[in-house]
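Asker: Going line by line, the protein sequences match chains A and B.
So in our numbering, spot 243 of the first sequence is number 243, and the numbers just go up one at a time.
So in our numbering, spot 125 of the second sequence is number 1125, and the numbers just go up one at a time.
It cannot be assumed that every hint is accurate.
Here are some chain B residues pointing at chain A (derived, C-beta under 7 Å) [what the hints assert, rightly or not]:
hint: 1; residue: L1149
hint: 2; residue: D1152
hint: 3; residue: S1436
hint: 4; residue: P1439
hint: 5; residue: A1444
hint: 6; residue: N1450
hint: 7; residue: I1455
hint: 8; residue: K1458
hint: 9; residue: I1460
hint: 10; residue: Y1498
hint: 11; residue: A1568
hint: 12; residue: E1569
hint: 13; residue: R1592
hint: 14; residue: E1647
hint: 15; residue: E1651
hint: 16; residue: V1653
With a straight-line cut-off of 20 Å between C-alpha atoms, the simulated SDA-like cross-links for lysine to any residue are [stated by the list, open to error]:
hint: 17; chain 1: A; residue 1: K555; chain 2: B; residue 2: E1147
hint: 18; chain 1: B; residue 1: K1646; chain 2: A; residue 2: T467
hint: 19; chain 1: A; residue 1: K324; chain 2: A; residue 2: T467
hint: 20; chain 1: A; residue 1: K643; chain 2: A; residue 2: N586
I should point out that these hints are in silico values taken from the structure, not numbers from a laboratory.
Everything numeric in this text was worked out from a predicted model, so none of it was measured.
Think of the CB as a built atom: it goes at the ideal place given N, C-alpha and C, for glycine as much as any other residue.
Number of protein chains: 2
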Amino acid sequence: MSDNKLDKWLSGEGLMGTPKKKASLPKKETESRNKSGTGPKTRAEKKKISEQKKSSGGNKRKGGGRGFKRPSFENVKSTNNDPTLHRPTAEKRDKFHPTNFIKANKKPSIRIVPLGGMEQVGMNMMFLEWDDDIVVIDTGLVFPSAEHLGVDALVPDISYLIKNKHKIRGVIYTHGHLDHVGGAPYMLKELGFPPCYATRLTKELLLSQTDEWLDNKKIKVNEITPKSKLQLGNFSIEFFHINHSIPDGVGIVFNTPYGAITHSSDFKFDYNPSDDQPSDLGRLAQIGSKGVVLAMNDSTNALHAGHTPSERVIEDALEEIIKKTEGRIVMATFASNVGRVGKVVEAAERAGRTVYLSGRSMERNIGIARKLNYLKCKDRTLQRMSARAGKEHPSKVMILCTGSQGEELAALTRMAAGVHRDVKLDREDTIIFSSSPIPGNEMAVVSVLNNLAEIGCKVIDNKGYNTHVSGHGNAEDCKLMFGLLNPKYFAPIHGEVYMRHGHRKLIMDNFDFDPKKAFIMKNGQGLVLDSKGIRMMTEREAVRTGDVFVQLGQKAPEKLLSDRRNLAEYGIIMARVDHQKGSVKNVTFRARGFLYMDLNHEIFKLLDNEIRQYWTRNYDPARPENVMEKPLSQICQKLIYQKFRKETIVEVVV
Amino acid sequence: MSDNKLDKWLSGEGLMGTPKKKASLPKKETESRNKSGTGPKTRAEKKKISEQKKSSGGNKRKGGGRGFKRPSFENVKSTNNDPTLHRPTAEKRDKFHPTNFIKANKKPSIRIVPLGGMEQVGMNMMFLEWDDDIVVIDTGLVFPSAEHLGVDALVPDISYLIKNKHKIRGVIYTHGHLDHVGGAPYMLKELGFPPCYATRLTKELLLSQTDEWLDNKKIKVNEITPKSKLQLGNFSIEFFHINHSIPDGVGIVFNTPYGAITHSSDFKFDYNPSDDQPSDLGRLAQIGSKGVVLAMNDSTNALHAGHTPSERVIEDALEEIIKKTEGRIVMATFASNVGRVGKVVEAAERAGRTVYLSGRSMERNIGIARKLNYLKCKDRTLQRMSARAGKEHPSKVMILCTGSQGEELAALTRMAAGVHRDVKLDREDTIIFSSSPIPGNEMAVVSVLNNLAEIGCKVIDNKGYNTHVSGHGNAEDCKLMFGLLNPKYFAPIHGEVYMRHGHRKLIMDNFDFDPKKAFIMKNGQGLVLDSKGIRMMTEREAVRTGDVFVQLGQKAPEKLLSDRRNLAEYGIIMARVDHQKGSVKNVTFRARGFLYMDLNHEIFKLLDNEIRQYWTRNYDPARPENVMEKPLSQICQKLIYQKFRKETIVEVVV
């Protein structure tokens, strides 16, 4: 395949390619190719076409003529009047797909198995398995939501990988966000510290994550670039640069005997980003023209219409706002947006402001950005948050902080509530939210906005200004990615299930793509690629998966959460049973979080009664007394459920 | 004051009025009035103007001339070139405000005190107090958010009203939504069943709320219309019809010696609603021209630009969708939107569908809508949800249900999850969300969308279609309401603090309104109106307020929630201390929801040790053994906090 293919593709011809077996080209197909605007390739073809033109009755001449006579389009007969002829159909796409012309020497069976990221935004992790070789992509986490009581993070269940860790040839990281690298502290050790592969920035962010919990000397991270080529066991691996809300991201190409398997990472197309290289359209087209058997593309924004705007739009707008603002500036953004925070610091320096950093991740990422030259500024421009931030002249201060999601302990939340040690906000201050609320955080953000409104600060957010843009490609970006890669099979990844279904439908509708070739994978249940093509893994083939709760750097058992949920909703009752010579002397109760805290409430009399009755009927002096505890708990819980339909835990101590 | 005032106001003249004391009109003012387009009123005025025209040098002639000569506007001198002259300023508004011309016979001090609805969307309740007369407006609730563990609802603290219930002359309900009537079951009894006032639909909805918890015979609800006039103690009260997402809503006018106090209720302007009377602009203008001293207006959507679309747009769109859909329809919407659910049932009947109702509130509200003629349909069109809904031909079925917010037990949630007893959804089914997610519910809705995508149903929501519109007025509605009422003082009500600040700013910016006259009330801390004008209540004057948690129809103590929060985050440890002759024999532990469920963990040895040490040092056989329990709990909790920074509850039983 030559690069001409890209031209054809972009010119609207679609997925026809230049098939090697001419004989298989039926007549109709040739017509449609010519109609779609690119010239015929061979002398034989040209001849064929001139013959067809003659036989088709010269449509042009019929409607035309000399002078100003208006051409008539009525009653024109065309041999080509089937409109679908001008579009590649699922059938045609399949017949002439570049992968058909790859000669497979081996015929392995390759499994592609996601462990996370399929049923949520976050916790991204998958692996590819080819005989005795496993390559892992990313080890992400997801932050807990309200129902994950007291938990610090969720990571995927990796018991399959632990069992097969001798097969793991490497872990490849696509970019440095926590939903891709954040699970490393909990997983790398369990996987036996396999070799890791990451670009420069991703590597730094990965190591900064792990050093709190792991012996960082044991982690071997090999630096890669988008031009690197790796051979990990059977897998020959290449990369392509992608844009996202963090620089230095890569997508991955796994070369197989059936064509390439591609992983888009989180991507958008940014033709002129301010903090990164532009998307490499040529490289993607090249990969597509060589033959992609399976493309796995990010779905997060597939349901949003249009193209995602460039990061440059945001950084230009932020520079303008910083320049024009007179009072103190407090800017809250995602520390992970390393490119943007770098540019913002430079803009603040140009405006003569000292930048006070607040938030551990902000300090750490700014440090990395400076080290890797994503940020060039004077030493004195950057200061750790201190009382000086509150004392310096407001026009000379910018506070750059986390807390754009209303996090309880973040600097912005505390400043807004008036309880920050160093800074007291007033009505002359400008607060910039360079962010948008992540679903689930809306009410926390509203609470910060309420406090800022009380103070009277000027609030600038992405509703009225260009202060934030997503790092994920909208529908048009998704279509462009698919069009360039031109895969034979397609699997939308990354995002809620409904987003991935939306992405699948977008591709089916816009590319006449065969629904049978577009797969919605599940966590643990991925795809099998072999000489027959690609199919979903059966439920029996699926690997074990699920959410693992992490608290204080270690796994928390499932039971913990269910206990906490009951305690949270209904509280707990403790009953102490004192007995003497086989009969109950006294039952004393305590209640925490139970609806009736008053121990004189009728329910406690009922429980007392129930316990005594059960005791009388069932006490056996021959058995140890504590065998009574469990059944007593159960009858009490049953009684409460009958009365109130509430599952209050009752612990009985004899 | 005549109704001419409205014409002037609408024509852009603003708040000039027709002052009675002509002498106080300075020359400049007159000029500006004339400039703004309404004709002079008296002969004297006309004369004055003609003199001014002469003296101003005839601008018109200067630039003009015969033929096609281009008029020159350069060097034109105008006595009127101050652009602010054409706008009413805060000062002018004040000077000529209609309330200035009301003669007050009495000079009472009237307090306007919100108890809820100022720091949240929901829980709306306030009262007005004039000597020994109190009139209450609404008794709303707010539904709990994730942090309100196990609680059914929140209502305002009404201890001030309970203490002063002898003064209460009545409770006026503005409309039938739960955030306005829903607190009645918990409050009316405590207030000694004061007389209630409500329009017909509001009355029915109120009574349907209370009958589960109260003896409905004790509740006296007097039916009112927008034309009713009440005298409740000192207060002479009138009403005006408003539009909202429920029919039959009213705003309230309290006539006082200083002018009217108005309460907008939740409102939008709908010129042609499909389920209600249109807004009565004339009546509002009349009230404004008589003199409004204080307007309290709904702020919920004040930060949204433009006008809120008409409910008719939605109902037309829904009718169209119902008509065109072939398979089964499941529509999820707010049962409280009584008008809309009525119209939807009628549309379904026209399309030959039987409507199966699911959700208790849906059944109840549809019943009320039929009773009051908001819905006219055949008996057989309406069915309670049953197995028949799953068996009838899909084209003949519409399921109308609650669950548009992803509520855990709602029919739609269960259908989407495939666990509904009667209906099994498939890919031919169309699901219509006639709603938008309320902040805080986004993730629950996403989970339903995920399940629907798995099944492959067609989902229609308000992102791509006109299936929902807010019942609250956007910025332009807010401006229109303010403009019509033309109040001397202004207090934005209903909404998060930042929304109310936004509403205040909108009015200040668009009406040159004096910031000192626009108040942001707090729950418990309202306004005082007396002969000196209006001022905020001081903190000392504020009445007690706060959130009261309601579970199973009764108040839950504050401690309950704090206990539950600790239990939820950190769990509980129970320790049983067995002792013999003053020395500890044995300590046994149990843990629920605690991070380390394994009782062999080091922490339990430490606790054991700590307990034994304390016991040895402090045991006094003279005192009852259980005095040891509390200090033992405390030292254990302290130890755990030191180790893990977690506030796990430890209960010790000796």
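Asker: Could you tell me which of the numbered hints above are not met by this structure, giving the numbers in increasing order?
Answerer: 2, 3, 5, 7, 8, 9, 14, 17, 18, 20
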